[in-house]
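Colleague: Put together the whole structure using the sequences plus the hints.
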Amino acid sequence: MELLCPAGSLPALKTAIDYGADAVYIGLKDDTNARHFAGLNFNDKKLTKGAQYVHDHNKHLHVAINTFAHPGGEKRWQNAVDKCVDLGANAAIIADIATLEYAANKHPNLDLHLSVQASATNTATIDFYKQNFNVKRVVLPRVLSIHQVKQLSRNTDMPLEVFAFGSLCIMAEGRCYLSSYFTGESPNTVGACSPAKYVRWTETKNGLESRLNDILIDRYQKNEKAGYPTLCKGKFNVDNNLYHALEEPTSLNTLSMVPDLMKANICSVKIEGRQRSPAYVEQITKVWRQAIDSYKANPDQYQVKEEWDRVLANVSEGSQTTLGAYHREWQ
Amino acid sequence: MKLSLGPLLYYWPKQTVEAFYQQALTSEADTIYLGETVCSKRRELKPRDWISLAKALNGQGKEVVLSSMALLEAPSEVKVLKQLCENGELSVEANDVGAIQLLSEQKVPFVCGPAINCYNASVLKMFVNKGMQRWVMPVELSRDWLTKTVSDCEDLGIRSQFEIEVFSHGFIPLAYSARCFTARSENKAKDDCELCCIKYPQGRATTTQEEQQVFVLNGIQTQSGYCYNLINDISSMKGLVDLARISPSDQQAFSILKQYREAINVGIEPIKLESKECNGFWHKIAGLETQY
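Those protein sequence lines, which keep their order, are chains S and X.
For the first sequence, this note's numbering gives the first residue as 1, with consecutive numbering after it.
For the second sequence, this note's numbering gives the first residue as 1, with consecutive numbering after it.
If you're looking for bench data, these hints aren't it; they were derived computationally from the structure.
None of the values given here were measured: they were computed from a predicted structure.
Careful, some of the hints might be misleading.
Below, simulated BS3-like cross-link-like pairs (lysine-lysine); rule was C-alpha separation at most 25 Å, straight line [stated by the list, open to error]:
#1 S/K75 <-> X/K107
#2 X/K107 <-> S/K130
#3 X/K41 <-> S/K197
#4 S/K29 <-> X/K276
#5 S/K136 <-> S/K83
#6 S/K75 <-> X/K284
#7 S/K59 <-> S/K136
#8 X/K79 <-> S/K150
#9 S/K130 <-> X/K79
#10 X/K276 <-> S/K235
#11 X/K199 <-> S/K235
#12 S/K150 <-> X/K107
#13 S/K106 <-> X/K130
#14 X/K130 <-> S/K136
Short derived list, chain S residues pointing at chain X, Cβ under 10 Å [to be verified]:
#15 G73
#16 E101
#17 D127
#18 Q131
#19 N132
#20 N155
#21 D157
#22 M158
#23 P159
#24 C176
#25 S180
Even for Gly, the Cβ is constructed at its ideal location relative to N, Cα and C.
Modeller: Here it is, written out as structure tokens:
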């Protein structure tokens, strides 16, 4: 089982490789990827250096091209695919059917991974992408229970990658328009959810308020820890009951499921967080490397170490973690 | 331009559903979509009931289309999808790429529903080759996006091979999750939901701490807090859009269809939208905003 780590910058990429990632995934410095944030991602010079570093260490490089080509702008997505080939990347992670078609026709030797943004949750969908574009791997959305992941894995010969740790997207990825409903910009169209330029923090007599495009997301008292106002993690009222109507600020953490994932034949565990610092990448890569190695060394004795959980809680949203949809109770 | 009645997104008792569709037969809708698109646990009408209802409505002057589920997680849900695709008579609205796969295998013509990520002309071309006859544009896209896409379709020579439908009125389906937010609102787990969404025939309104209605919870679906209304934009759809979709919340859908028909046929004076209405997506601004 491959450990696939995020790299939003060259230092993060080097850190991931140095601390034990089998592969890293990166994005270009434009709206062809779903972490299109200022100060993040790779320009041409950094791409070359990054690719060189990964290959020098005999690891794998995946390039995320996981937004949807705009009408009239398809060339930009095609260029991203070409660049991926020029770099000698091991795989392109693609969501858009137009981009997949281009890649499959123009670069038949490039391995195509179906991005989580394509929202493939069943065998019929997987067959579509396999038959039409010869996709070699599918990244599963964070909406399936572990039972459903196992079932899917039994019913397809497609290698499956799952999210193992990081900020928790609770909607079927690629089919969530909440961000554009609030701001006009979504992961699909501009490559960002709840974009930072719409975020505003105000100290008021009611507490510290976080807003997204002027809409109140949450209000924090002095003793409460404030988190980034991702709109699905705000506190809202349903019939005068104020709570996190959709989800708490929390991160996905599946360390306890390593044996299940291994037995389900999952080919790769993906860590979320290209927007996070090299320090984050160091912590998570170290812990996950240890967890996978410890399972491999002695599958029957595998246990999550307290130390691992402590380290991961420190880098989690709201310092909380959850098994998310993998655990039926969460649903 | 034609009018469609979108699939009922909420969970209603069987009798209410049947009465609603009897009324739909005499409504202004040219096309009626029906079927469970949100949650497979809703069994007031089982898949075969939806199919028989659709067949009973068919041939009475309206085009009838069976709508499929947006989020398919279990093999049993794919089986139901197969049942819909093999109905032998009606076309199907595919709301997951898996449905396109099955429909194209069966050579059944289909409508590409709004929950499918189809953002450009190249994708449309591929879907046309697989049997797509109509495209319901993703809800977050604008008139500007549509105009550019149509122009690309003309360049590819495919514009005349399919119709374009725009979600025009109703609470907009914005997201699908593994989690049931209606069950959560009652402190229940999804596995013990007791189908409590039947108590909320228009979903559950969700507001900010400043009373702004931001979402409507409808099972695993999160809808817009405001009702989308493109009544003032009908003139800007002419020549570009073939069908305007009215998504029903209750009986009012029929009077809204009438109003839209009037706007299409004779034109109407601009109407001031209510405070809980919006039209932002069409105007390339935040969905919940309003532009005149």
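Colleague: All hints are to be evaluated individually against the structure, with a verdict given for each.
Modeller: Hint by hint, here is what the structure shows:
1. Simply put, S/K75 and X/K107 have alpha-carbon atoms about 32 Å apart, too far for the 25 Å limit, and the pair is violated.
2. The hinted pair formed by X/K107 and S/K130 meets the criterion: a straight-line CA distance of about 19 Å does not exceed 25 Å.
3. For the given pair, X/K41 sits about 40 Å from S/K197 by alpha-carbon distance, which is inconsistent with the 25 Å threshold.
4. Distance hint between S/K29 and X/K276 is unfulfilled; the C-alpha atoms sit about 38 Å from each other, more than 25 Å.
5. Taken as a hint, the S/K136 and S/K83 pair is honoured in the structure, with Cα atoms around 19 Å apart against an allowance of 25 Å.
6. For the given pair, S/K75 sits about 22 Å from X/K284 by alpha-carbon distance, which is consistent with the 25 Å threshold.
7. Taken as a hint, the S/K59 and S/K136 pair is honoured in the structure, with Cα atoms around 18 Å apart against an allowance of 25 Å.
8. For the hint pairing X/K79 with S/K150, the CA-to-CA distance comes to about 18 Å; that is within 25 Å, so the pair holds.
9. With a CA separation close to 20 Å, the supplied pair S/K130 and X/K79 stays within the 25 Å bound.
10. The straight-line distance between the Cα atoms of X/K276 and S/K235 is roughly 20 Å, inside the 25 Å bound, and the hint therefore holds.
11. About 23 Å separates the Cα atoms of X/K199 and S/K235, which keeps this hinted pair within 25 Å; it holds.
12. At most 25 Å may separate the alpha-carbon atoms for a hinted pair to count; S/K150 and X/K107 exceed this at roughly 31 Å.
13. Proximity of S/K106 to X/K130 is assessed by CA-CA distance (about 21 Å); at most 25 Å being required, the pair is judged to hold.
14. Of the pairs offered as hints, the one joining X/K130 and S/K136 holds, with about 22 Å between alpha carbons and a cut-off of 25 Å not exceeded.
15. Satisfaction of the interface hint for S/G73 is found here, the shortest Cβ-Cβ separation to chain X being roughly 8 Å, below the 10 Å cut-off.
16. Residue-level restraint check for S/E101 holds (minimum Cβ-Cβ distance to chain X is 6 Å; threshold 10 Å).
17. Taking 10 Å as the C-beta cut-off, the interface hint given for S/D127 holds, the closest approach to chain X being about 5 Å.
18. The interface hint given for S/Q131 holds, since its Cβ lies 8 Å from the closest Cβ of chain X, which is under the 10 Å cut-off.
19. For S/N132, the interface hint holds, since its Cβ comes within 10 Å of a Cβ in chain X; the closest pair sits about 8 Å apart.
20. Evaluation of the S/N155 hint against chain X yields a held restraint, the C-beta minimum of about 7 Å falling below 10 Å.
21. Restraint check, S/D157 versus chain X: the minimum CB separation of about 16 Å is more than 10 Å; hint violated.
22. Taking 10 Å as the C-beta contact cut-off toward chain X, the hint placing S/M158 at the interface is violated, the least distance being around 13 Å.
23. Look at S/P159: its Cβ only gets to about 19 Å from chain X, farther than 10 Å, so that hint breaks.
24. For S/C176, the suggested interface contact is upheld, since its CB lies about 4 Å from the closest CB of chain X, less than 10 Å.
25. A least Cβ separation of about 4 Å between S/S180 and chain X falls short of the 10 Å threshold, and the interface hint therefore holds.
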